[in-house]
Amino acid sequence: MEPVQNPFSQQRNSQHAKETAVKVTLILFTYTIIIAAIAIFGKIIYEGSPVLWQKGWSFFTKKPQTLFVNQVEKGEGIEIPAKNFEGLLANNPDAEHWLANVTEFEKPADFIQFDLLKNSRIGSGYLSELESLNPDFYIIYTERDIDSPVGFIIQSDKEFSLPQADYDALKAADPTLLPDEHSKREIKLNQFRITLAAGEYPIGKDAHDALVSTELVFQMRQTFADDEPDKINRTVIPYDQTITVSGNVYFTAFDEDERGTLPLKSMEQIPFTRTFHDFTLPASSYHTLAHALAILEKHGVQHNHDTAKGSIIVNENTRQLTAPRAFWDALTRSNPQLKTANVTTTTVNTPFVRFDISKDTEILLDTEDRESIAAANDATGKFKTTSEETHSYSGGGVIGPIIGTGLLVIICMLVALFTGIAASVFLNEYARKGGFVKTIRLAMLNLAGVPSIVFGLFGLGLFVILAPCVTSTPKSSSAWMVPLVKIGSQPDLRIIEQKQIYIAQHADLGSSELSTLAAADGAKHVYDGWIWLSLQGWGTSILAGGFTLAMMVLPVIITSCEESLRAVPMGFREASLALGASKWQSIRTAVLPYAFPGILTASVLGITRVAGETAPIMFTAAVAEKSELPWEGLKSTGFDAFLDFLQSSAQALPYHIYTVAGRIPQSEYTQPMQYGSVLVFMLIVMFFAAISVGLRIRVRKKLKW
Amino acid sequence: MNSQHTHSIDPTANLSGQAVATPEPEPPKAPPRKSQPPSTRTAMQTSIQNSPEGKTMIEIDDLSFSYDNGKTNTLHNISLDIPEKQVTAFIGPSGCGKSTLLRCLNRMNDLVDTSCITNGKIKIMGQDINAKHVSPIELRKQVGMVFQKYNPFPKSIYDNVAYGLRIQGIKKKSVLDESVERSLHGAALWDEVKDRLKDSALGLSGGQQQRLCIARTIAVRPKVILMDEPCSALDPIATAKVEELMLELRKDFTIVIVTHSMQQASRISDRTAFFYIGELIEYDNTANIFTNPSVKQTEDYISGRFG
Ligand SMILES: Nc1ncnc2c1ncn2[C@@H]1O[C@H](COP(=O)(O)OP(=O)(O)OP(=O)(O)O)[C@@H](O)[C@H]1O
Ligand SMILES: [Mg+2]
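In order, the protein sequences belong to chains A and B.
Quick note on my numbering: the first sequence kicks off at 205 and runs consecutively.
Quick note on my numbering: the second sequence kicks off at 53 and runs consecutively.
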């Protein structure tokens, strides 16, 4: 019997070897990636998790803190609030070596509750302290009197040289402020009234620069480049003109311009004098009116506020303010015209910890803990620090960046989803398939490829410095502004106090005149009793950042929205239309609901992408350091407060990581913060990614047609 | 979408009420066909002489239709009158334009940007449906459509049937309940689904889903129901049920059905139109078409000798 030949026997061995080689190579590449990923994630988890473990919740609940490395002498009976004691333990894993006799106790503290009544006179320092003790209590400056008295202290004698106008204003405001002794200086100046004939003339750069600031109407044939100071260009004066110029301009443009010659038809010298008043305010404590101080501030006085002297009349009743006993005592003692009612005392027991430090040691404290331990032992002097080193950002706390990133993502997704859904519904359902739609799609593809830093610059140009604002105090640097309605009430004087506002005397000046006047006055804002629509941008703000991020994810969102819309069967639209639905009805009831899950998944993916971007927010929203959350420290109320909130800057996680890892001096204390922050960030991103995966699985299961 | 109308002309009125007032077409005489070259069309002329008995619901007059802005015509000079409350079947080989013609009747082709009617008119209840002041939305409320692939919305059975009424702004529960029940009865589906109205429509069998689509269509009380191969995705038993249903619906509605099944056409239709490459070849009583076709092409097609 013939042996049966195997019909499938291996024909060529070389082929087998080749197959194996290919397979091994593929496996190698795959495993390299996996190993690299494990190495990176492993390192982050390995280094980051001890930080989170040690610091616990304080890593999340505190804002970025500076770490203070203190050399502390041994001492007994040191007191610290219990919650700060936890922070102390978190920052000092080696505490068991020097900590002794830890006892917990309750420290009673009296708090006074009271109603503040109308017509109370209260020192401005006390008022601001009250405001910080009671977050909901704020007397907006518009309700405060512009003539409110302020107190200020000058540390060293200050010489002033005031022009006549300011001197008069100061004298009118508060004559008692001016010392008896003062000297008057008159400076004689010349103005020149000149007539220029129409024609074309050569002109040098200096002359040109001088003439630009005058009223002269002229055109240059060419512009002057900065690197050619000696160049001469030809200028055209279109018609005969008579202008008045200062001596400076006259000498530069006509007397000294050797390179060019502008012919003068006539010249007339007009002498005038400017008066200056020179006087010295000796170092002392003063008591005057707010706007008198504002004039002095304009001329560069350096001062501290004297809270005991300046006072404000409260013109509203405020209920239920709270203050600690010590502050209350000082308040009632120093403010005799304070009117209060319903004064009650409550005793609150705060948990405290008392401990000994058994030997001289090194203690790490973050800002909050350091302040509270210092305050608690201030009187006894038991907590003695010999030297102190500071390490920025090393005290933990990522709540600020997390919240900032959250706000940015929310604003971004609101904008991107509304715009994206609108655009994709238009492109997919309404637009005729043709060149136009193709062009838009192509543009969008290109947009998706634009580097994110370019979006950052785009956002800076568009949202930070050019976006439209409606405001009563537009910036004098506004690119363009139109008046909308006249309100005529006082501006928010908070800005005046910051010396940034120019108040126009006439209500009907043009925008350019206002800007010029304000710029001459050194003011950043103008006010003339109108509400303006002003292209002045939103500043470095979460609003600008959110919009910039939205522009960046828009292509992605639109593409995936379109995909979701396309996945809805044509039959739904047809069936709905055949039942008599209008186009929008059919989209709303038979298309969007079924595209929605897909859109949702896409937007979650968009969120993870947006949350991780650094470049677009670098110029538009993020700041490296901010001790307040975006909604804290707003001095306005109601809707204005919401606008201010939107226009406030914030920290953001990716930018925070960049700061911690790359921009501050590195030390052994900064490194754990890097890993900790990165781990937190990674967990957040993974959380969103998991949501997105889960959503997709659910959606796939639920919607099948 | 030219949805708005002047005060003087109300499309709904035109489409519903005034139809009674329009002069009834004289049954024995075919309307004059202007553009047909007499030599080639004589055979058809004679067959069309047999105009339907009863009132005419839809008048198609010399219709040419193009999918590409008039460059090439997909339908060529179609003329036929569809009688009220009867079943009219469109048959013909694939790609001959049956669906296209059907979709012209409720202006579904508006969805194709480049489509246009290059010649002729369609009148439903005496009103030119492509006239300027006719709103396609109002038209589609009167001329409903059932599609080849059953396409209930992924909602509950109840919501599917109530959909048409809800988009008309009817929210009253009692009205909706009553209408849903009546429509499901009308579609012979009530007994099968009455206990699970809140369940997803996608849980129904294919035949049930198609009947649900019919129920959804009749819920808005149209005058005409267009059906594009309604049974092609169904098995014989489900098909039989839908066919039974159509014979029932015939009492209240004018039905136009596209079908590939000769048996189906002969079973349920009163009149049959045979199309070939965009032209109407023959249009007659179904009995005549199937027993005694006057054109050779028709005979070849129905006897399966086509080629
Ligand atoms: N949306 C469209 N755009 C362009 N051409 C189309 C479109 N729909 C159909 N056509 C063309 O019009 C012609 C008629 O198509 P139609 O769908 O009316 O045929 P039909 O008779 O219904 O065929 P079937 O029996 O296969 O359904 C075909 O040649 C088809 O390619
Ligand atoms: Mg078809």
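These aren't lab readings, by the way, just hints derived from the structure by calculation.
There's no promise every hint is true.
Said to hold, decoys possible - Only pairs whose alpha carbons sit at most 27 Å apart, straight line, appear in this in silico DSS-like list of lysine-lysine:
| id | chain 1 | residue 1 | chain 2 | residue 2 |
| --- | --- | --- | --- | --- |
| 1 | B | Lys201 | A | Lys642 |
| 2 | B | Lys137 | A | Lys287 |
| 3 | B | Lys207 | B | Lys225 |
| 4 | A | Lys905 | B | Lys137 |
| 5 | B | Lys175 | A | Lys787 |
| 6 | A | Lys787 | B | Lys225 |
| 7 | A | Lys905 | B | Lys184 |
| 8 | B | Lys184 | A | Lys787 |
| 9 | A | Lys787 | B | Lys303 |
| 10 | A | Lys787 | B | Lys246 |
| 11 | B | Lys225 | A | Lys637 |
| 12 | B | Lys175 | B | Lys225 |
| 13 | B | Lys175 | A | Lys637 |
| 14 | B | Lys173 | B | Lys246 |
Do the hints match the structure? See the list:
no.	hint	result
1	B:Lys201 - A:Lys642	violated (31 Å)
2	B:Lys137 - A:Lys287	violated (85 Å)
3	B:Lys207 - B:Lys225	holds (17 Å)
4	A:Lys905 - B:Lys137	violated (44 Å)
5	B:Lys175 - A:Lys787	holds (24 Å)
6	A:Lys787 - B:Lys225	holds (25 Å)
7	A:Lys905 - B:Lys184	violated (46 Å)
8	B:Lys184 - A:Lys787	holds (18 Å)
9	A:Lys787 - B:Lys303	violated (32 Å)
10	A:Lys787 - B:Lys246	violated (32 Å)
11	B:Lys225 - A:Lys637	violated (41 Å)
12	B:Lys175 - B:Lys225	violated (36 Å)
13	B:Lys175 - A:Lys637	violated (30 Å)
14	B:Lys173 - B:Lys246	violated (43 Å)
The structure fails hints 1, 2, 4, 7, 9, 10, 11, 12, 13 and 14 (numbered hints given earlier, in ascending order).
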